[in-house]
Each structure stands twice: as C-alpha cells, then as structure tokens.
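Novice: Chains as they are written, first to last, in our numbering: chain A, 2 to 131; chain B, 2 to 131; chain C, 2 to 131; chain D, 2 to 131.
The hints are simulated quantities; they were obtained by calculation from the structure and are not laboratory data.
Identical copies carry no separate label here, and so any pair may be met within one copy or between two of them.
Below, computed lysine-lysine pairings styled on DSS-like, alpha-carbon distance capped at 30 Å:
| hint | residue 1 | residue 2 |
| --- | --- | --- |
| 1 | K66 | K111 |
| 2 | K5 | K76 |
| 3 | K75 | K111 |
| 4 | K38 | K76 |
| 5 | K111 | K93 |
| 6 | K5 | K66 |
| 7 | K4 | K76 |
4 protein chains.
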Amino acid sequence: MLKKTITPRISETNITQHIGHNAIPVWLEEGYTEIFKMFNQNLAEPCLVTVNLNMDFLNELFFGKDVEIVTYVKKIGTSSFVLHQEVNQDGKLCVRGSTTLVHFDYSIHKPVPIPRQVCDLLRNHLLVSS
Amino acid sequence: MLKKTITPRISETNITQHIGHNAIPVWLEEGYTEIFKMFNQNLAEPCLVTVNLNMDFLNELFFGKDVEIVTYVKKIGTSSFVLHQEVNQDGKLCVRGSTTLVHFDYSIHKPVPIPRQVCDLLRNHLLVSS
Amino acid sequence: MLKKTITPRISETNITQHIGHNAIPVWLEEGYTEIFKMFNQNLAEPCLVTVNLNMDFLNELFFGKDVEIVTYVKKIGTSSFVLHQEVNQDGKLCVRGSTTLVHFDYSIHKPVPIPRQVCDLLRNHLLVSS
Amino acid sequence: MLKKTITPRISETNITQHIGHNAIPVWLEEGYTEIFKMFNQNLAEPCLVTVNLNMDFLNELFFGKDVEIVTYVKKIGTSSFVLHQEVNQDGKLCVRGSTTLVHFDYSIHKPVPIPRQVCDLLRNHLLVSS
Chain A
2 MLKKTITPRI SETNITQHIG HNAIPVWLEE GYTEIFKMFN QNLAEPCLVT
52 VNLNMDFLNE LFFGKDVEIV TYVKKIGTSS FVLHQEVNQD GKLCVRGSTT
102 LVHFDYSIHK PVPIPRQVCD LLRNHLLVSS
Chain B
2 MLKKTITPRI SETNITQHIG HNAIPVWLEE GYTEIFKMFN QNLAEPCLVT
52 VNLNMDFLNE LFFGKDVEIV TYVKKIGTSS FVLHQEVNQD GKLCVRGSTT
102 LVHFDYSIHK PVPIPRQVCD LLRNHLLVSS
Chain C
2 MLKKTITPRI SETNITQHIG HNAIPVWLEE GYTEIFKMFN QNLAEPCLVT
52 VNLNMDFLNE LFFGKDVEIV TYVKKIGTSS FVLHQEVNQD GKLCVRGSTT
102 LVHFDYSIHK PVPIPRQVCD LLRNHLLVSS
Chain D
2 MLKKTITPRI SETNITQHIG HNAIPVWLEE GYTEIFKMFN QNLAEPCLVT
52 VNLNMDFLNE LFFGKDVEIV TYVKKIGTSS FVLHQEVNQD GKLCVRGSTT
102 LVHFDYSIHK PVPIPRQVCD LLRNHLLVSS
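Modelling step: build the complete structure from the supplied sequences, incorporating the hints.
Specialist: This is how it looks when you write it as structure tokens:
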C-alpha cells in the first residue's frame, strides 16, 4: 500500500463550493508517482500509458482539510496492471478509483512485458482480499 | 446526440508530448454543458452531481488538431442518468467516456427526481442501439 | 511573512520537462490563503479581487522536489494591498511574484475599505526593507 | 496582430462564479501559439522561455460567452521579445497581458539570438502606436 497526503487547492474549489471531479485524476496520479519510479527513475522517459480510469464519487471533498490517498495494486498482467485507490478526507471515503496502466515502449509504439523485478516491486503493494 | 468541438490547448500537452488523460474529464464536461442548461439556466445554482466517471483511452490525442465530442444519453433513471461520450480526433475514436449524474437538491442535500420535462429533453438524445 | 510548502505535481510538468509557468499563479494563491481567511473565514463568500499579477520567472522549477513559497505584504492602501512572493526550490529563487488585491463588496460590486483589524493583521507580514 | 477565440470552460468558473485569474495565463498562451510555430514547427522541441508575465485584470470574465484574444508584438530585442495581449468579452476589455519570452537553446541552456527570418515574421505583428 502506498500513502500520499494531498492538500486541496483553493483553485480546485468550484462553483458549487466543493472540489470539482476534474481535480481527482490529478490527485490519483499523485498517489501513484512511486509506481512511475519503479519503471523508470527518469520521468522524462515515460513508459506507462493509462488505458482506463474509473472513479466513484462517494462523498464531497472540500478545501481546507488534507486528503489521504491510499493506492493498492489490484491485478498484474503481462504488460498491464490495475491500481485500486481510495481518497479519504476527514475519516470519510470520498472517491474510489481504478486505473489500468500499460507498460509501453514509445520507440516501437507497442505494449511490452513488465520486467520481472518491477513485478516484484508491484507485488509488495498487492491488495489482499480478506 | 450533442456535438461539441474542442481545441486542445498547448498547456494540456504533457511530458510525453500528447494530451494528458487529466485533461479529458474537463473536455467531457464541456461536451454536456447543454445538459446542465436543461436542468437550470443558471449555472450558479448547480443541481447535478457526478457520481461515476469511466474513461477508456483508446488512442493518443495531440495538440494541433480539433477534437469532436459526441454525447448521447444512455440511460434515464428516477433521479439519475448516464451519458455515453466519444472523443474523436482526425477520424479516430480516442476516448470513450461514461458519466453518471444525479439530480441533486443542495438545500436538502438529497437526490430528487428528474422533472418530466427534463426527461423529455434528455430522451431526444437517447443512444439507440441498432 | 507567511510560509507554505508546495509539492509540484506530475501533471504540472510540461512538454519541456519542467513546471509550466501556468502552474505558478495557482501556487502563489496557495501561498496566501491565510490572507483570504483574515478577511473572511468563509471562503464561500469571497471578498478579494485580483487586479494585477506580475511574475518574474528566474529559474526553472522541476517535479520531484518540494517548493517553498514566502509571502510578504508590500503595501497597504485604503481598499487594496500588494503582496510580494518568492518561490524557492532547492535553495534557488525561481519565481518572484507581485499580486495586487482589492477588498470588494460583491453585493454592491464596488471596492470597500480594508477593515482596521484586518490592516493590523496584514501589517504583521509587512516586508521591511533594510 | 494575431486573433484567437477561446470558449471559456465550465471548469474554469470558480467559487465566485466568474473565471478565476489562474485560467488567464493558459488563454494568453493559446493566443500566441502561432508565434511558437514561427520559431519551430515541432512543438516537441520547445525553444522559448517565458521570463515575465504581467496581467491587469480590468473586468470580470464569465462562462457562457466566447472570448477574443488579440496579440501584438510590443518590442523585439536580440534574443527576447515582448508580447502585448488584450482579452475581450462582450465588447469589454477584461485583461491586458504582457509576456516577455526568450529564445533559448536547451542543449547549451543559454539564450540565443532570434533568427533574422523570425524577426521579420514577428515584425508583421508589431504594435504601432498612433
């Protein structure tokens, strides 16, 4: 499990006085920057492509209180993997997100297998269903 | 079916030289502003809450060419409805989005039924499966 | 002097692999949220209007290292005041910002004097030239 | 003079029900994308650095009406130039912006002279004071 604290920004507070849903993908991505680094320390050479993002907005989020994002690995395939994320504020689960990422080689413009040592790192964060 | 043309912005082009997936929810929302107006001409009195957003990223999007977003109503419930959206650039389907919105009364903080005349307007944009 | 730490977001890293200048006004605003609260604890009743923003971009900012923003009050007028801000990363001054804000009554749509007790609070953060 | 029409986005409407000042640098940049192309057709090889941005916010901007941005070249130096921009909505001048850009060679990390043929192109858009 990865943990990340996000401070909502006043600019993310919209006309309805809560955090707009458009801000959430940015936060979720912050939640898994550690996973980018497992693949490549150099963020200037990206190698992950987002192919699906699903978000359930369960409770409103507000400016003024920090938000905690927890990230688990839900599934690991040959060249893709799925992340499960939960965004909490003030003890309430506010957003549940699921992101599917593909390991991608931009030079040949094709998916490539996830290296075994990266799989091992990902496995450390596997969501274990009880 | 609603149609909207979006011009990608240079600021939406990210480190990988294509449009970041974070920009897409903003575009999808632009695609259905007409639906906000069906509920309330005054955008300062919002009455719709996004409860789910699902996006499939099928092809890369680039700066430099306009994007066309088509929006259909997929399903109408008592107080909620589901939109189906397609983002096309250069003749390619790049993103498929599904958004679930709830008609919400902020004064009582509860979902309320979609008024009949709004249902009629929504029905004009129903996705008809062939 | 007000201090605020900002963690740059991966989505703020642009095509040139550093933080785009478009992200900076958002950060500067985060730097002075305490000043909003001096005027009104309820951020849903805004009463400050930005009338000028000037930014000198002195050094590149990067993803991966926290940024520190210091905010001083440079000048206090009858209904307006000027903030001076410095954005530092890794011991380097990267941006120097100057923001002019006006105390504004949205109900009459006019500038109004800054209350005396707010002036006193602002004065605690005055930039003292040596 | 360059002209560009921008459609304000609902996500750019903030808590005060007008367009937040944070959105403006993004719009101004859209106003001068043609100038990027004078230097380099390939936006993936950026060669311009923003060193100063000054904005006067004269009138509120709202969602729901298109905005027109006009861009002039105010001054051309050896390796830098200054743009003057005006953002109009509904016949009102809402923002006046001034941007200083430097022609920059990222490989040597230094400013370099603006090529003569680019100077000629820039001169076509010079602001002529009457």
